[in-house]
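**Student:** Those sequence lines, one after another, are chains A and B. Each residue of the first sequence is one higher than the one before, starting from 1 at the first, in the numbering used here. Each residue of the second sequence is one higher than the one before, starting from 334 at the first, in the numbering used here.
Certain hints may be false.
[As the list claims (entries may be wrong)] Computed footprint of chain A on chain B; a stretch qualifies when at least three of its residues, placed anywhere within it, have a C-beta under 8 Å from a C-beta of chain A:
id	region
1	530-536
2	542-555
3	579-591
4	659-666
Keep in mind that the hints were calculated from the coordinates and are not lab data. No experiment lies behind these values; they were computed from the predicted model shown. Note that CB positions come from ideal geometry on N, CA and C, so glycine has one too.
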Amino acid sequence: MGGPATDMRQKLLEIRGLEVEFQTRRGIARAVNCIDLTLYAGERFGLVGESGSGKTTMILALLRMIREPGRISGGQVLLDGVDLLKLSDEEMRKTRLAGLAMVPQGAMNSLNPVMRVGDQIRLSMSEHGQRRPAEAGRIEELLQMVGLRPQVAELYPHELSGGMKQRACIAIAISLRPRLILADEPTSALDVVVQRHIMQTLRSLGESMDATVLLVGHDMGLMAQFTQRMGIMYGGKLVEVGTVEEIFSSPKHPYTQLLIASIPSFKSRGEFKGIPGVALSLLNPPTGCLFHPRCPQALDECASVDPSLKELDGHHTACLLYGREGTHAATPA
Amino acid sequence: MPPPLLEARHLRKVFSSGGEPFGAGSETVATEDFSISISAESPSFTTVAGESGSGKTTIARLLLGLMAPTSGQVLFRGSDVQGMRPTERRAYRREVQAIFQDPFEVYNPFYKVDHILTTPIRKFGLARSKGEMGEMVAKALEAVGLRPDETLGRYPHQLSGGQRQRITVARALLLQPKLIIADEPVSMVDASLRATILETLHRLYREFAISFIYITHDLTTAYQVTDNIVILYRGAVVEAGDVERVIDKPMHPYTQELVEAIPTPVPGRGWLAENEEVEMGGAGGGGVESRGCAYAPRCAHAADRCRAQTPPLYRTDAGGAAACYLYGENAVVGAREFAALLVTDGRGEC
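Turn these sequences into a full structure, and let the hints steer you where they fit.
**Tutor:** What follows is the structure, given as structure tokens:
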């Protein structure tokens with residue numbers, strides 16, 4: 001259902017076969033494993049998964065900010081048709097903030113404590129490709145766009161509350177009008193009331209600039225309220241992609257089903273549903289489907305066949321329960 | 334009637350900072366007039382909920398005797414925990430246990446996880462032999478859903494956050510406590526594991542008749558596990574009562590805003606729709622306003638009276654109380670009645 005409608009929209013980001021590996025003493029850990037994903041202009045997309053599922057690594061890979069011992073070992077990241085992985089370091093630096101920008105998780109640690117907020121915004125803009133100094137009033141305008149008083153430009157970070165710091169970080173992120181805003185759990189350290197106001201601000205900014213917002217996190221409630229489409233990650237792979245309504249009302253992949261069922265709600269008391277088993281080790285991943293050792297619906301062939309993301313009416317699921325075309329046999333480790 | 338297991342009477346904690354030679358200095362009231370009573374006879378599961386800066390952790394530290402109140406008292410079986418006799422202190426340290434937020438920080442990375450489990454046994458002389466100690470450890474691990482052979486002999490970094498947090502629960506359990514104070518025990522573990530850990534706590538409450546004070550910012554998990562809830566705002570209790578009543582039908586304007594702001598996992602609720610930009614003032618730290626209701630500056634119902642004088646707790650209905658003049662026609666709830674509000678309905682009795 002969501003398929004034809006979204007296809008009409010302009011593609012903004014195309015991720016093709018993206019892989020990120022970490023070289024460790026005990027072997028290679030593939031933290032991002034052959035990800036294919038398309039984001040459209042102006043949409044709000046949510047990426048969820050438990051810790052260690054590779055969601056933050058993927059965001060960093062899009063920004064080409066993976067550090068040693070990690071490296072991007074394959075794939076393409078096309079932003080408006082330009083492959084970011086082929087740009088020179090200098091070109092990439094100019095693309096950050098101007099093409100795609102990140103709103104960090106810990107706003108409290110992301111600002112320079114000895115520099116006024118206004119100066120930090122100005123510096124970020126000049127560092128990332130703005131040749132002329134920011135025109136008069138632009139800093140104040142940015143602060144107002146994120147719901148801060150213009151006078152905040154003259155303050156130091158310690159004079160701001162957590163929510164105000166996060167707003168200042170958003171002001172930096174939107175300063176060069178990026179097409180894509182990457183938000184990595186931007187409100188995980190904030191109160192729910194402040195969280196709601198910040199997410200409202202992010203939404204209206206995205207709409208007014210026609211920017212795509214990619215929200216990463218594991219708060220399913222926040223995802224349900226903020227996003228339009230979602231992707232579920234497990235062990236560095238995307239296991240399901242669909243509209244937020246489809247993911248919550250008819251999840252297809254068994255992992256997504258368990259994830260949805262484990263969300264506590266105000267409907268039931270004294271009921272606890274966790275996901276059985278332990279998170280996988282990327283150094284020693286199981287053969288076949290990565291989720292099969294924990295999957296209550298696993299088939300015999302799940303241990304040997306690695307399902308690839310398969311489209312069902314615009315909804316994508318990587319699970320053998322929905323057929324095996326396009327899947328490939330796992331190479332024995 | 335024997336005294337309560339643990340009782341807090343009119344706790345107030347003020348943190349001072351600055352002062353000479355750094356200028357005038359400032360005072361922050363972290364906790365204002367907090368009272369609670371945990372029965373020694375019937376177990377209860379109570380949540381103390383609030384946002385950051387509301388004074389939750391200060392309350393946990395006061396109840397655990399890790400910090401002395403500025404005024405007020407914490408009583409363990411009737412005696413003040415500040416200045417207890419050594420034998421009483423030993424009983425207090427054994428019967429009241431803590432689970433902390435961060436399952437990484439509580440471990441010494443150089444010791445195997447066995448160390449954190451055997452230390453309390455040795456300190457309190459609970460086992461007569463090594464074999465008995467091993468059995469106790471194994472039993473405690475099994476009670477929290479861990480397999481001893483997969484857990485013991487490992488270092489903390491070899492276990493997941495969820496496993497580590499369950500070991501801290503096992504450690505608390507070893508001492509056969511009467512009360513466990515859990516300060517944000519699941520905020521640092523994954524959503525899929527939260528359910529497992531909360532289920533463990535709930536089972537200990539039901540099967541071992543251990544009382545819990547669950548300190549959290551997360552009303553959704555509070556709703557899942559507790560009988561009673563206390564909502565804090567800037568150090569003071571704004572609402573308390575039966576958890577279903579407080580969450581399903583909040584009475585205090587702050588609780589209403591809080592419950593409304595929770596992003597629920599049901600798409601299309603219009604959570605993002607209202608875009609009333611709030612003018613953000615100066616840094617919003619903790620601390621109570623010197624006069625009047627701390628919530629008044631944000632409250633849609635605020636009247637002159639709210640700014641002039643802090644409202645006491647008024648009874649809202651049979652199951653709850655709220656510190657708000659909207660209920661000013663009802664009876665004022667004193668400390669004793671407040672404690673009675675938080676007495677469980679007996680669901681936890683075995």
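**Student:** Can you confirm whether chain A covers the region 542-555 of chain B, using C-beta to C-beta distances below 8 Å and requiring at least three such residues?
**Tutor:** The restraint on the region 542-555 of chain B holds, since 3 of its residues have a Cβ under 8 Å from chain A and three suffice.
**Student:** Do three or more residues from the region 659-666 of chain B put their C-beta atoms closer than 8 Å to C-beta atoms of chain A?
**Tutor:** Contact hint for the region 659-666 of chain B vs chain A: violated, 0 residues under 8 Å.
**Student:** With a C-beta cutoff of 8 Å, work out whether three or more residues of the region 530-536 of chain B approach chain A closely enough for the coverage to hold.
**Tutor:** Per the Cβ count (3), the hint holds.
**Student:** Can the region 579-591 of chain B be counted as covered by chain A under the rule of three residues or more with Cβ-Cβ separation shorter than 8 Å?
**Tutor:** Contact hint for the region 579-591 of chain B vs chain A: holds, 4 residues under 8 Å.
Hint violations for this structure: number 4 only, all remaining hints satisfied.
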